Every structure is written in C-alpha cells, then in structure tokens.
Amino acid sequence: MESQHHKPMKVRSTPADKAVSVVTYVIVIALCLVILLPCLNVLALSFNDGKDAARGGVYFFPRMFTLMNYKEVFQDGSIISAYRITLARTFIGTFLSLAVTSFAAFALNQKELPGRGIIIFAITFTMLFGGGTIPTYVQYSRLGLIDNFWVYVIPSLVSVTYLIMMRSFFDGIPYELQEAAKLDGCGYFGTFFRVMLPLSKPVLAVVGLYTAVNHWNDWFAGAFYMTSSKLWPVQTVLQQMLSRAMSASTQQTENVAAAIAASQSSVTTDSLKMAAVVITTAPILCVYPFVQKYFAKGTLIGAVKG
Amino acid sequence: MCATTCDKIENLQRESSMRKGKQNPSGITIRTKPLWKRMLSCWPLYLMLLPAIVYYILICYVPIAGNVLAFKDYSFRKGIWGSPWVGMKYFNMFFSSYDCWRLIRNTLHIGFIKCILEFPFAILLALLLNEIRAEKFKKVTQTITYLPHFLSSVIIVTMLQRILAPNTGVLNQIIKALGGGGDTFFLMQSGYFHRILFTMDIWRNIGWDSIIYLAAISGVDQELYEAASMDGCNRLGQCWHVTLPGIRGTIGLLFIMGVGGLLSSGFEQMWLLRTPGNMAVADTLDVYVVRIGLQNGQFGYASAIGLIQGLVGLVLVVATNSISKKFTEVALW
Numbered sequence: 001m002e003s004q005h006h007k008p009m010k011v012r013s014t015p016a017d018k019a020v021s022v023v024t025y026v027i028v029i030a031l032c033l034v035i036l037l038p039c040l041n042v043l044a045l046s047f048n049d050g051k052d053a054a055r056g057g058v059y060f061f062p063r064m065f066t067l068m069n070y071k072e073v074f075q076d077g078s079i080i081s082a083y084r085i086t087l088a089r090t091f092i093g094t095f096l097s098l099a100v101t102s103f104a105a106f107a108l109n110q111k112e113l114p115g116r117g118i119i120i121f122a123i124t125f126t127m128l129f130g131g132g133t134i135p136t137y138v139q140y141s142r143l144g145l146i147d148n149f150w151v152y153v154i155p156s157l158v159s160v161t162y163l164i165m166m167r168s169f170f171d172g173i174p175y176e177l178q179e180a181a182k183l184d185g186c187g188y189f190g191t192f193f194r195v196m197l198p199l200s201k202p203v204l205a206v207v208g209l210y211t212a213v214n215h216w217n218d219w220f221a222g223a224f225y226m227t228s229s230k231l232w233p234v235q236t237v238l239q240q241m242l243s244r245a246m247s248a249s250t251q252q253t254e255n256v257a258a259a260i261a262a263s264q265s266s267v268t269t270d271s272l273k274m275a276a277v278v279i280t281t282a283p284i285l286c287v288y289p290f291v292q293k294y295f296a297k298g299t300l301i302g303a304v305k306g
Numbered sequence: 001m002c003a004t005t006c007d008k009i010e011n012l013q014r015e016s017s018m019r020k021g022k023q024n025p026s027g028i029t030i031r032t033k034p035l036w037k038r039m040l041s042c043w044p045l046y047l048m049l050l051p052a053i054v055y056y057i058l059i060c061y062v063p064i065a066g067n068v069l070a071f072k073d074y075s076f077r078k079g080i081w082g083s084p085w086v087g088m089k090y091f092n093m094f095f096s097s098y099d100c101w102r103l104i105r106n107t108l109h110i111g112f113i114k115c116i117l118e119f120p121f122a123i124l125l126a127l128l129l130n131e132i133r134a135e136k137f138k139k140v141t142q143t144i145t146y147l148p149h150f151l152s153s154v155i156i157v158t159m160l161q162r163i164l165a166p167n168t169g170v171l172n173q174i175i176k177a178l179g180g181g182g183d184t185f186f187l188m189q190s191g192y193f194h195r196i197l198f199t200m201d202i203w204r205n206i207g208w209d210s211i212i213y214l215a216a217i218s219g220v221d222q223e224l225y226e227a228a229s230m231d232g233c234n235r236l237g238q239c240w241h242v243t244l245p246g247i248r249g250t251i252g253l254l255f256i257m258g259v260g261g262l263l264s265s266g267f268e269q270m271w272l273l274r275t276p277g278n279m280a281v282a283d284t285l286d287v288y289v290v291r292i293g294l295q296n297g298q299f300g301y302a303s304a305i306g307l308i309q310g311l312v313g314l315v316l317v318v319a320t321n322s323i324s325k326k327f328t329e330v331a332l333w
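In the order they appear, the protein sequences are chains H and S. Taking our numbering, the leading residue of the first sequence gets 1, the next gets one more, and so forth. Taking our numbering, the leading residue of the second sequence gets 1, the next gets one more, and so forth.
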C-alpha cells in the first residue's frame, strides 16, 4: 500500500498546496494526541498512589509513584483465575476457529464442489439476518452451553467475514499449484496441508489476530451466559466492576472521597481498575504491531469479495 | 480441448447453478459425470466443510427458525415448538406500550449518529493520510490511530468513566484550570450522552475504518493524477476530482452495509454507558431486549422486538442496495 501513491512530477508547490500540507499535519498530529493522551492518563493513574490520585491533578505522569496497584491485582485470586479463563478461551477458541474456517474456506474454493453456490449463499445470508438475542439464548441453553466453558468458544467458531477473507486469499494462490499437487497424487487433504496452508501465513496471521482479539475482549458471553462468576473471563470481571461504579455514581462524590480518605489502604477501587486495564490491554498491544503490515491487505480482501 | 455441443449445454446449465465457477480443463471431464458421482468424488471436501455446516445449522439457522418465539407463549418446560401460539399478541403489546416510541426514537437517534454522522470521518482521515509524503510519519500515525480498535468496550468505558469523573477526572480538571466549574457529572446527564458516544466512537474507529479507504485510494490510477495536475488542479482539486470519485464504489458499499445496522447498532457501548442519569436517552431496542428478555425472562415479548429489528435491518440493506444499484451501479450483489 505504501510507496504506491503518486509523487509530484514537478516540484511546483503552490501556496495553496503548502497550506493544505500544514493543515494536514496539524490535524493528524492533533488526532494522534487525542488518542494517546487518555491512554497516558490511565497509565499514569495505574502507577500512582490511589489515595493521592483521588485528590485529582494526576495527568500524564504519576505524582506518587507506586507498584501497589499492580501488586494488589496480582494478589487478587479472582482476577488471576479470570486471566486463566481468558487465556484458555483465547488459545482454544482461536485455534479451533482457524482450523474450522480454513477447512471450510478451502473446500468452498474448489470449483468442482457440487452445491458450492448454495452453501456460500446460505452462509452469507446469516450476515444479513439472524436469530435474535432470545432465540439464540434458547438454542444455547438447549445445546447445554449455558454455564459451560464452551459457550466462549463454540458460538464464535466461524465468522462469515473471516471465511470470505480466507477464501479470497486462497483464490489468489495460483490454481496450477493445487493442480500440480493433485497430479502428484495428493488428495484434497494433502493439497490443503502441503500446498495451501504453508502459503497462507499472512491470512492466518490476520484472521488469527482478529479472532484472538475478539476472544480477549469479549465480556458479553461471560456476563449473560455464565451465572457462576468462577468461570468469568477478565473482561467480564472488569465489566461488573464498571457497572457497579456506573450505577453507584448517583452518590455524592464527596461521600466517595470521604470513604477513600477513611480507608487504610492506599489502593482505591479506581487505581486498582486502572492497573487491571493496563494489564489486560498490554498483551494485545505487544502483538499487534507485528501483524499490522497485513491489515490493509486483509481488509481489502474482505471488502472486495464481501 | 474441443467440447461437443452437448457438453456446452450441460456446462451452461451447471454454470448457472455454480455461480461464476471458472472453467478449467479438468473441470469439464468431472462435470460430465452424474451429480452423485461428482459429490462422491468430493467427499473429503464435504468432510472439511462438515464442522462449519454443523455450526451454521446449530448456531445460526436454528435460532433463525427460533424467531417463531415471537408468536409463542414460551415456557421452558414445553420448549419452543410445544409452547402455545399467541399470534401477534407481543407485537400489539409492543406498539401500544408506553416504551415503544421512546425506544424507537432513541434507537433511530443512535443509529443516525453511528451510521450517518460518523460515516465521513474515516474517509477524511484516509484523504489526509494520503496527502502525507513522509512515510515514517505516516506509519507511526497509522499505528497510533489503529490502536483504540483493539481495546474492548469495557476498557474504553472504564477509561472514559475515570477521565470524565466530576472534580477528579482529567476533563473536569482542565475545565477548572480554564476557569470553569469543573464539577460536571458528564455521564449522569442525558444532555451529554450523544456527544460522549459520538466522540468515543470516532476515537475508537476512525483509524481502523480508514484502512479500507486508504487501500482503495492506493488503487486509483496514477495517470489520472498526472492528467489532473496538467489541467492545473492543485492537491485539493486532485483530491476532489480524482481521489474521491476513484473510491466512490468503496464508499457506497460500506454505506450500504452500515445502513443495515441502523436499528441495532452499538449494543455493547449502550449497555456499558447506561447510568441512572442518562437512561432516558440510552435505552435502545437492543438494550431493552436484553433487559426484559435475558434479565426479566419475558422471552416471547423480547423475541418479537428482536424480530422487528432484524427484519427492518434486512429490508433496509436490500432497499438501499437496490436503490444504489439503480442510480449508481454500486451494489453488494
């Protein structure tokens, strides 16, 4: 995508062009600041003494540096076990999704498959119309998924968008390679594992990252399909903390401040939450720059064929 | 490879049923076999498809059939099919209820913000990024603007709640420093709700949504720019006369897809941003369905509302698509 756009042939910048340049840079830099500063604020708060932060005035650097918030999060047994659930569902869910999706995408990419058009139509239709929230819930409960760990994995096993992305990617691999493999005596499975999969690393990386992020960030399944808090992923734990704070916000803030001042611990719910937010977000931010180069390609494939 | 007339006719027939299947030499020999033989020879493919097909039947199509819940007095013991029919009872109940028009108004308001108001911003960012010649700067910008897309709604609302807190939140501190009161409870006042939602959405999505437009822009024919510049177009002019028309198709497609979500957009945010103070505007159809369905157990009633949403969404996409097809030749299908 980069380096393809036009270079001005003649260096003939009019004053108007220069003005456009300046305005462009100003807007883009401002946007980046607007995106980064709130994150910095949260980071600063997570490293700041909770009681001290409650007095206000902590912007982008911690005023009273402490690691207590993080220590508290790691000592909280329920948060640690929630992390375990999140990790488990992310790994199992992503692996199974990639397996089922790539199998299906490969099969649907074989032109000789009878019924291909009908199956593709039936799958794409689910993008436009689906069962509502309640019929879906009833079906999950009939399948025994409610209060079951697999409710995190099975409902998000295949996504139409990612299926279409993979199929389009397979479409772009020269058909002669598959034909050669078949002539060499590879069956469909052989062709898939020996020819297609090794060539599909970019699309597997992108779809894998998207799926993993969806798993990592999902709180809905935990909040509505899981009554026992023992199996909640970390996002649901955070969501419950948040909704308590949101509905408690009718109280006078002075009361809250007073309660904080009266408590012995220097860690407040707020500072604890900020630390949890940072810990929960960090892994995604570590992985994503490595996959970033595939994004443009992935989105374009998904859109053109979608 | 010389196909007989008979083969050709057969091919044509198959072609129509197989939707744009490209011809290849080996395909022709396979296609002359009867259907069941062709199916049999593809058994490994069906095996590969099996998990996905089972998934779509159990997780997608059974709930679609389960929409009949909207016409049933559901009891857990009797199941969907055993429960007695009640006809249009829940639909009448909904349209004559006190909540109905408030919910629809709120939903349309949110849908309008999300599908229409927010729509042009990603295009603008893509156009801006396209004007930036410094590759390194552009790359860093992209990395930063894509970032919020990867944060969960829970994380974002948690951050928001801290930043917007009265007195101690950063925003109020800044207002105070500028001479304001600094004790505004943004999340508790319904007047701020739509602005908060709009800002939060732009913050989260602008970078990510711009990717697709950037990709489309990179596909615009470079000679057009040269021609425009010969004709005396400056960069703003090129942007207006070359880039925008060049990505018209992409813009149209994304708009059509967005319109389907007019009645069902942003459940997660709405659910998380709700406070006792802004309930009057934050209660949308989505939120209501979960509230009365999953939390209060009124399955039939909630299903009816969900069905209305789904059908309206379907009709909107189909209608927008056919209108667009007629006037601009941009269409999803």
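It cannot be assumed that every hint is accurate.
[Claimed, not checked] Cβ-to-Cβ under 8 Å is the rule here; a few derived chain H residues that face chain S:
(1) 21
(2) 227
(3) 281
[What the hints assert, rightly or not] Below, a list of computed lysine-lysine pairs in the PhoX-like style, where the Cα atoms sit at most 20 Å apart:
(4) 136(S) with 111(H)
(5) 138(S) with 18(H)
(6) 37(S) with 293(H)
(7) 182(H) with 37(S)
(8) 33(S) with 293(H)
(9) 71(H) with 51(H)
(10) 51(H) with 111(H)
(11) 139(S) with 293(H)
(12) 111(H) with 78(S)
(13) 293(H) with 201(H)
It should be emphasised that the hints constitute simulated quantities derived from the structure, not laboratory data. Predicted model only: the values in this text are computed from it and were never measured. Positions of the beta carbon are idealized from the N, C-alpha and C atoms, including for glycine.
Against which earlier hints does the structure fall short, listed by number upward? As far as the earlier hints go, 2, 4, 6, 8, 10 and 12 are violated by this structure, in ascending order.
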